[in-house]
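Residue numbers (the working numbering), protein chains in the order written: chain A, 1 to 216; chain B, 1 to 318; chain C, 1 to 494.
Please keep in mind that the hints were generated in silico from the structure rather than gathered at the bench.
In this text the structure is predicted, and so the values were computed from the model without any measurement.
Beta carbons: idealized from backbone N, C-alpha and C, even for Gly.
Keep in mind that a hint or two might mislead.
[Said to hold, decoys possible] In the DSS-like style, the derived pairs of lysine-lysine whose C-alpha atoms are separated by at most 25 angstroms in a straight line are:
#, chain 1, residue 1, chain 2, residue 2
1, C, Lys360, A, Lys213
2, A, Lys210, C, Lys105
3, A, Lys78, A, Lys202
4, A, Lys202, C, Lys105
5, B, Lys286, B, Lys29
6, A, Lys202, C, Lys366
7, B, Lys286, A, Lys26
8, B, Lys166, A, Lys30
[Unchecked claim] Stretch by stretch, here's where chain B covers chain A in the computed footprint (C-beta under 8 angstroms, at least three residues):
#, segment
9, 39-50
10, 91-101
11, 106-115
[Said to hold, decoys possible] Over 12 angstroms on every C-beta distance to chain A, these chain C residues come out as not near it, computed from the model:
#, residue
12, Val13
13, Lys95
14, Met130
15, Tyr152
16, Leu172
17, Pro326
18, Leu419
19, Val423
20, Gly493
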Amino acid sequence: MFSYFDVLSVQILFSSFILMANKRIKSYIKTFRIQSLLIALTAGAMGFSLEKGRIDLLVVCLLIIVLKVILIPNMLEKTYASVEYIVEKDFILNIPILVILSCALVVFSYFSVSTIEGINSGIINAQIVNSMSVILIGLFFMISRKKAIGQIVGFLVVENGLYVTALFSTHGLPFIVDLGVFIDVLTAVVIMGFMVFNISEKFDSIDIEKLNKLRG
Amino acid sequence: MQYAAYVLIQLLVIIMLAPLLDGIIRKIKAFSQKRTGIPLLQVYYDLLKLLRKTSVVSEESTWVYKIAPYIVFSTSIAAALLVPVTTKIMPGTLPGDIILLISILGLGRFFTMLAALDTASMFGGMGSSREAMVSILIEPSVLVSLFMVGLISKSTSLPQIMQAMKGIGAPLTYPVFVMIFLAFLIIIIAESSRIPVDDPSTHLELTMVHEAMMLEYSGRHLAIMELGAMIKQLVLITLLVNILIPHDQLIAVTGIGALVVSIFIYVAKVITVTIIIAIAEVCTVKLRFFSIPNLATLSFILLFLGFLQYFILGGSNV
Amino acid sequence: MGFVLLAAPIIAVLLFLFCSKRTLQHTVSVLTSTVLLITAVFITRGVLLWGKIEYQALGGIFYVDSLSIIVLDIVLIISFLVSIYSVSYMENEIKNEKIAPGKLKIFYVLKYSFIFTMILALTVKNMGIMWIAIEATTLASAFLVSFYSNRYALEAAWKYIIICSVGIALALLGIIFLHLSSIEVLHGSQYLDWPALCENAKLLNPSVVRLAFIFILVGFGTKAGLAPMHTWLPDAHSQAPSPVSALLSGVLLNSAMYGIIRTVAIVNRNLGSNAYVGRLLIAVGVLSIATAAIFIITQRDYKRLLAYSSIEHMGIIAVAVGVFTPLSIFGALLHMINHSFTKSMLFLSSGRVLQKYSTKDISKTKGVLRVIPITGTAFLLGLFAIAGTPPFSVFASKLNIAISIFEIGGFWLGAIFLLLLAVVFVGIALNLFRIFYGQDYVQDKKTSTPSAESNFAGIAVIMVLLTIISITGIFIPYELKELVLNAQNIIIGS
Numbered sequence: 001m002f003s004y005f006d007v008l009s010v011q012i013l014f015s016s017f018i019l020m021a022n023k024r025i026k027s028y029i030k031t032f033r034i035q036s037l038l039i040a041l042t043a044g045a046m047g048f049s050l051e052k053g054r055i056d057l058l059v060v061c062l063l064i065i066v067l068k069v070i071l072i073p074n075m076l077e078k079t080y081a082s083v084e085y086i087v088e089k090d091f092i093l094n095i096p097i098l099v100i101l102s103c104a105l106v107v108f109s110y111f112s113v114s115t116i117e118g119i120n121s122g123i124i125n126a127q128i129v130n131s132m133s134v135i136l137i138g139l140f141f142m143i144s145r146k147k148a149i150g151q152i153v154g155f156l157v158v159e160n161g162l163y164v165t166a167l168f169s170t171h172g173l174p175f176i177v178d179l180g181v182f183i184d185v186l187t188a189v190v191i192m193g194f195m196v197f198n199i200s201e202k203f204d205s206i207d208i209e210k211l212n213k214l215r216g
Numbered sequence: 001m002q003y004a005a006y007v008l009i010q011l012l013v014i015i016m017l018a019p020l021l022d023g024i025i026r027k028i029k030a031f032s033q034k035r036t037g038i039p040l041l042q043v044y045y046d047l048l049k050l051l052r053k054t055s056v057v058s059e060e061s062t063w064v065y066k067i068a069p070y071i072v073f074s075t076s077i078a079a080a081l082l083v084p085v086t087t088k089i090m091p092g093t094l095p096g097d098i099i100l101l102i103s104i105l106g107l108g109r110f111f112t113m114l115a116a117l118d119t120a121s122m123f124g125g126m127g128s129s130r131e132a133m134v135s136i137l138i139e140p141s142v143l144v145s146l147f148m149v150g151l152i153s154k155s156t157s158l159p160q161i162m163q164a165m166k167g168i169g170a171p172l173t174y175p176v177f178v179m180i181f182l183a184f185l186i187i188i189i190a191e192s193s194r195i196p197v198d199d200p201s202t203h204l205e206l207t208m209v210h211e212a213m214m215l216e217y218s219g220r221h222l223a224i225m226e227l228g229a230m231i232k233q234l235v236l237i238t239l240l241v242n243i244l245i246p247h248d249q250l251i252a253v254t255g256i257g258a259l260v261v262s263i264f265i266y267v268a269k270v271i272t273v274t275i276i277i278a279i280a281e282v283c284t285v286k287l288r289f290f291s292i293p294n295l296a297t298l299s300f301i302l303l304f305l306g307f308l309q310y311f312i313l314g315g316s317n318v
Numbered sequence: 001m002g003f004v005l006l007a008a009p010i011i012a013v014l015l016f017l018f019c020s021k022r023t024l025q026h027t028v029s030v031l032t033s034t035v036l037l038i039t040a041v042f043i044t045r046g047v048l049l050w051g052k053i054e055y056q057a058l059g060g061i062f063y064v065d066s067l068s069i070i071v072l073d074i075v076l077i078i079s080f081l082v083s084i085y086s087v088s089y090m091e092n093e094i095k096n097e098k099i100a101p102g103k104l105k106i107f108y109v110l111k112y113s114f115i116f117t118m119i120l121a122l123t124v125k126n127m128g129i130m131w132i133a134i135e136a137t138t139l140a141s142a143f144l145v146s147f148y149s150n151r152y153a154l155e156a157a158w159k160y161i162i163i164c165s166v167g168i169a170l171a172l173l174g175i176i177f178l179h180l181s182s183i184e185v186l187h188g189s190q191y192l193d194w195p196a197l198c199e200n201a202k203l204l205n206p207s208v209v210r211l212a213f214i215f216i217l218v219g220f221g222t223k224a225g226l227a228p229m230h231t232w233l234p235d236a237h238s239q240a241p242s243p244v245s246a247l248l249s250g251v252l253l254n255s256a257m258y259g260i261i262r263t264v265a266i267v268n269r270n271l272g273s274n275a276y277v278g279r280l281l282i283a284v285g286v287l288s289i290a291t292a293a294i295f296i297i298t299q300r301d302y303k304r305l306l307a308y309s310s311i312e313h314m315g316i317i318a319v320a321v322g323v324f325t326p327l328s329i330f331g332a333l334l335h336m337i338n339h340s341f342t343k344s345m346l347f348l349s350s351g352r353v354l355q356k357y358s359t360k361d362i363s364k365t366k367g368v369l370r371v372i373p374i375t376g377t378a379f380l381l382g383l384f385a386i387a388g389t390p391p392f393s394v395f396a397s398k399l400n401i402a403i404s405i406f407e408i409g410g411f412w413l414g415a416i417f418l419l420l421l422a423v424v425f426v427g428i429a430l431n432l433f434r435i436f437y438g439q440d441y442v443q444d445k446k447t448s449t450p451s452a453e454s455n456f457a458g459i460a461v462i463m464v465l466l467t468i469i470s471i472t473g474i475f476i477p478y479e480l481k482e483l484v485l486n487a488q489n490i491i492i493g494s
């Protein structure tokens, strides 16, 4: 019965691998949409399957679909369209190496979670390992991309990973906290998008390697 | 006697079904481009027509060139006989397993590449060098996926693997098998020269891989070569569906009735997977040749994740 | 009464959106912060009388005890002083054409949303909401950092928002783990409530709590500017307008530190000893002091130097919390207060210097004492104070912390601690004292204000702060001592 969630958690993890292997900004955004959809599915499935019937999870599922599947990706696409630049290499290492390093992150998160005693009585919970790996891969994605939009997507993936971790480890945070986190994420993306726009105006590029004036 | 009949049926099913898959894929592609496309059975007619024609052989070529089509065809047939298709009984009298299966397929590929080099044509050399690269890249995934299945069912013999999989119930509800399924789809696409890796429908010298190797062949030789390649594709699909989506009749065979049902289920499964492959082919564009390592990495990562899920995180679940 | 704290900034933000006259905006700003200050007095009295204030309304999220009231009072007093200071500061900026007149409205809207988020972070019971509020402080202040919207400010703001958002995301992971550790102990409505967690601390799953603490330390530590997650801090503090720098340094860092202290209280109760938390906090703290010391010695920009000094002081507080004896906690809380007042005074004075000289380069700023004598003197005394010379209050709290380190027998730790403080002192003396003497050198005659000391309200604010830090260095009022002792009991447990 729970293997159903196992499959979903692996799919979410795999979608972050695909994100890592994406080359263009448009495909990042598309992959992010898919990942969020999977998370919404997980939340919805969990809302139905828990004994008490958690209505808040269903609401959250709807919220994810509205915010992370539709609104935020659309906003990112719009930002991207307004700061269009010549397509160029956006990653620091080549893709197979990035992906293999991400594998190492999965192993790392396995070892860090395995230090927890008694998490789900003896067997290490695969879902928590997977969702923590999503966070780590999101962080790694942020440092592997040079364009500002890539970093925003990385941040969103970290946020997704956090949400999935909460979902799998504790069946979601208290509802009011969930709501607050969504509002924060939405505001953060709006602000970051606006800032990307400003940066592209001042620097004629959204390459964050050009942001190197302040040191020491 | 009954045994021989099973062998014959399996052989017949494989040879009759293989060209149909190509027809289905072409039809779906045609629909996606808003064309009617060629008839479903056109592949059969083409093959029959080619079989009736004599083949032209280059004067510069050696015996390798002439013998290669037959070797390719017979390796494909041998591989087909090693895989239980409709019944548990493995028709081959050899005690073969997945390792033998992979080597037999490798032998066929080796001769294809050799024959392409033999005529000393420019395209042949190019095609075989590309084929070598693709196969080197995809080989680890093939081995790892089959061995993983073997490890889980604690055997390398295909009938036993299938039996163990049936014992699990519905393998595709477990993450590890979902991962293997997806990885194997990528393997099938790469091995049977389908779109992200190679475009089977063009003769564009910059992109072709498999077609480049076939370029010199004509007539009967070409027909046999093509049929061999189609059977190889079907064998891989068969491996996928019979291991990961096993059905009852496959395991416990009893008489003609069960056999007929089994054939129907089998054909339905194969056609479903073929449609998935066709959709994948429609949705993607051909990759740059140097991006193929990325695809291979993808399939390898899938297997890695599956491996992790099963052997480290939750081995006792399955 | 408590909800006035949350309502007043929101009402102010709405009012700013509707009024377009600049004088009106300044009036609203000063009035709002006065209302907040008066409310703070009442709430402080309440906390002194009853120990804590809790309301049942809105699901009982409002909760103030002695620990939060200390940080809250710092927030409200400094935001009051800063809003008085900003009146003439922002008018000067507009006159010098540094910013467009219309941007004043945006400034105030952002400033009051920033203050609202900080008040929210300090007055909620639920750690999840506290996290949301602390994350919201980043969002509210991002555009304040990029307020001048030149290249440098944009770079600083981008680093600020990315590093802090990601860092704080890790804190959320920590809070999720905290929730996980308590899921079998607490009931639905108590989830993540700090008092409930603290009461049942012994029952939580210790290995999960350990993991949670690491993530919360990294997350809130990023926001508090602890090394090695400090890299956003010098950029943001030096590029923001000076009143905002004062708020960021004096107030925001404390709010993040407050989050860490709350968690430490739970974790230490749970683990029963201070060994685990102490090791981590002392390591991070000493690293912060050392990093700051190195950068202070080689610094060429006085606002960046002040920013690094903030990192140093956050390091000192982290070390003090890590030592975790009653004396060190007392010192840490006192240091929080003293550092906030001293550092915001310094940033406000540096704002005056910056407006006068329009450069942040130390070597181009000369003769401050002659050009702006009053602010200059206050700046100089403030530097002595922040470096830890008696009779100023920072000295008193540093002394407490140093004594507590030696008391637990950490001879080497104490030695390193004092050595690093000495290095910082040398760095500040070496670099910054240069600007006070020498030729009057005003780089750009045109942009500087005609009369040297025109911002009388600003000078008054600086003087008030100077008085506060001088007096508390010698004499701690009874009420303050009472509050700090209560807070110390809350953290350590009586």
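Hints versus structure:
1. C:Lys360 / A:Lys213: Holds: lysine 360 of chain C and lysine 213 of chain A sit about 15 angstroms apart, inside 25 angstroms.
2. A:Lys210 / C:Lys105: Judged against 25 angstroms, a Cα distance of about 31 angstroms means the pair is violated.
3. A:Lys78 / A:Lys202: OK: lysine 78 of chain A and lysine 202 of chain A at ~19 angstroms, within 25 angstroms.
4. A:Lys202 / C:Lys105: Within the cut-off at roughly 23 angstroms; holds.
5. B:Lys286 / B:Lys29: holds, 14 angstroms
6. A:Lys202 / C:Lys366: violated, 32 angstroms
7. B:Lys286 / A:Lys26: holds, 18 angstroms
8. B:Lys166 / A:Lys30: The hint is violated at about 37 angstroms.
9. 39-50: As far as the segment 39-50 of chain A goes, the hint is violated, because 0 residues have Cβ atoms under 8 angstroms from chain B.
10. 91-101: With 4 residues close enough to chain B, the hint holds.
11. 106-115: Check passed, 3 qualifying residues.
12. Val13: holds, 14 angstroms
13. Lys95: Holds, because the least Cβ-Cβ distance between lysine 95 of chain C and chain A comes to about 25 angstroms, which exceeds 12 angstroms.
14. Met130: Violated, because the least Cβ-Cβ distance between methionine 130 of chain C and chain A comes to about 10 angstroms, which does not exceed 12 angstroms.
15. Tyr152: violated, 6 angstroms
16. Leu172: violated, 5 angstroms
17. Pro326: holds, 32 angstroms
18. Leu419: At roughly 23 angstroms from the nearest Cβ of chain A, leucine 419 of chain C sits farther out than 12 angstroms, so the non-interface label holds.
19. Val423: For valine 423 of chain C, whose nearest Cβ neighbour in chain A is about 17 angstroms away, the distance exceeds 12 angstroms, so it holds.
20. Gly493: holds, 25 angstroms
Figure legend: structure checked against the earlier numbered hints; hints not met, in rising order: 2, 6, 8, 9, 14, 15, 16.
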